[in-house]
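**Student:** Here's the letter readout for the chains.
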Amino acid sequence: MIEGASWRRWVFFYIPLTAFIVALLFPFYWMLVTTVRPDGELYRPWNAPNYTPFWTMHPTLEHIKDLLTETLFGTWMFNTMVISIAATAISLFCGLLAGYALSRLKFPFAGSLGTMIFITYLVPQTLLFIPLADIIRNFRLGDSPWALILTYPTFLIPFCTWLMMGYFKSIPKELEECARIDGATRWRAMVYIIFPIAVPGILSAGIFAFTLSWNEFIYALVFLSSPDQKTVPVGVTSELVRGDVFYWGELMAGALLGSIPVAFVYSFFVEHYVASLTGSVKG
Amino acid sequence: MTFTTLATPTAYAGSPRRGPVTRLLEDERWLALVLLLPTIALLGLFIAYPFFKGVELSVTDAKVGVPGKFVGLQNFEQIWNDGIFHVAVWNTCVYTAITTVLKLALGLWLALLLNNNFKGKAFTRAFILLPFIIPTVLSTLAWKWMFDPTFSVINWMLYQLGIIHSRINWLGDPNLALVSVIIVNVWRGVPFYAISLLAGLQTISPELHEAAAIDGARAWQRFRHVTWPLLLPVTLVIVLFSVIQTFADFQLVYVLTGGGPANATQLFATYAYQIGIGTGLLSQGATISLAVFPVLLLVVIVQLLYIRRVETH
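One line per chain: the protein sequences are A and B, in this order. Counted from 1, the first sequence has number 178 at position 178 by this note's numbering; the numbering is strictly sequential. Counted from 1, the second sequence has number 1262 at position 262 by this note's numbering; the numbering is strictly sequential.
In short, the hints are calculated from the structure, not lab data. All figures in this text were calculated on a predicted structure; none of them were measured in a lab. Careful, some of the hints might be misleading.
[To be verified] Each computed DSBU-like pair below joins lysine-lysine, with the alpha-carbon atoms no more than 35 Å apart:
(1) A:169 with B:1063
(2) A:106 with B:1053
(3) B:1063 with B:1053
(4) A:106 with A:169
(5) B:1053 with B:1069
(6) A:65 with A:106
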């Protein structure tokens, strides 16, 4: 705690912390207010008299209703869910196996392979999206969920592998050796002894991977084109703007509802999420 | 295999029940190969192959649906002389430099605040990460609405506080547009810096601080000579990681300004998108996005050297 007089505590601690919290959370509050504010109140000039921007006396669910009945929002949610879960499952499978191999087994080029996977972790999606779009087209995967289910693992596997490597290193080798002395094969010792212990690590990696897939934008924007194939981030930004007209009520309702699944997963596993976030940086 | 004679349960034992596959998997090298195969296949197909494809595209004149023929370095020459590309390079550098400094400073400040013990700490920490975990394009849309030329709530607040008298055109004015984009990037990035640095701070033993305090070090001196040197390694990793992400940023600018007005917020990625996907000039788009590569390479080299140094110490 900040030492000294109570004014010092206010000036150096409470006021700055409150300012940070307000600034960081205000946009979400603004999403919520806009969602429930009727259109008549929404489009008032910023310097109009008697303007109460921070709340409304006439909350309405009109925008949410419009969003759910007159747009493909439900379809986008479903698409995003399927793609995120599938991509996460593939990445966890690959990352778990690769992480085990790189942290436990001795084989030629183990070091350089680990380095290469680490480098792919740093490759941003924007470096490769144009040639990748061409490849997706050539593979005839364009405009299908498979385009994303197969490409999302490229940025998920490296960090899953990295995270699992760290986790496996913390599990004592003796556990495996005991199992092998009792006659278990390498494969069985790995699957039945080590993997169950690694469940917390798998959970962390899975939560992180799920939120990253849910948030991904550029691949989804480039690889999908039909409105009913889109994911939430792409659908909301492209389909809810007609011409030059922004329907802010529906847009904010879409932003709010589209954030709920990640916020939900996150709220249940904050500790796991933070562990993987900091773990992924520390490497 | 020397232990097999000790084995009791026959189901596990290295007895004739073991098939050839099981025996092969007992060899570490074969097992490693099997375990790494799915990863190598996916990363090879969708990272290594596109990378070479991108290099190949950059020396042809391919368009969407047209394979294109070899043109040498013509594309590179073209972007070298392209005024908009120069603007994009400049914007990307300014954007990355300013946001990185601000994110680090504010993130460190927030981390130090959160490192105190106070009521509701876990709760606060959980809420503070929201800007980072909520889909960026969705929160950016909220910012776009907050920056709206006619209905901006930020303008309303500033007007009520008596700071401004006429409206600020946040996204329409070329200079302000870049400022606006920087504000949103910093807003989104500060939580990541803060939480990662907080994790670093928590590994520093409080005893060091106590010892320094007993020796008469003031708060600032304790930070400067105890906290900061110990925090430096994790800070470096976070900054390098964030520099790559910011340098290659796309979604934030795409939603907020689309690179406008008049290319004032055009970045590498948005320009590559505009040329490569918007107008379908695949080869030129690929050339522009390859421009990120030298920066990536530099960061990777620094990272690898740094990791090696840490490992050898």
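**Student:** Take the hints in turn and mark each one as holding or not.
**Tutor:** Hint by hint, here is what the structure shows:
no.: 1; hint: A:169 with B:1063; in the structure: violated, 48 Å
no.: 2; hint: A:106 with B:1053; in the structure: holds, 33 Å
no.: 3; hint: B:1063 with B:1053; in the structure: holds, 14 Å
no.: 4; hint: A:106 with A:169; in the structure: holds, 14 Å
no.: 5; hint: B:1053 with B:1069; in the structure: holds, 14 Å
no.: 6; hint: A:65 with A:106; in the structure: violated, 58 Å
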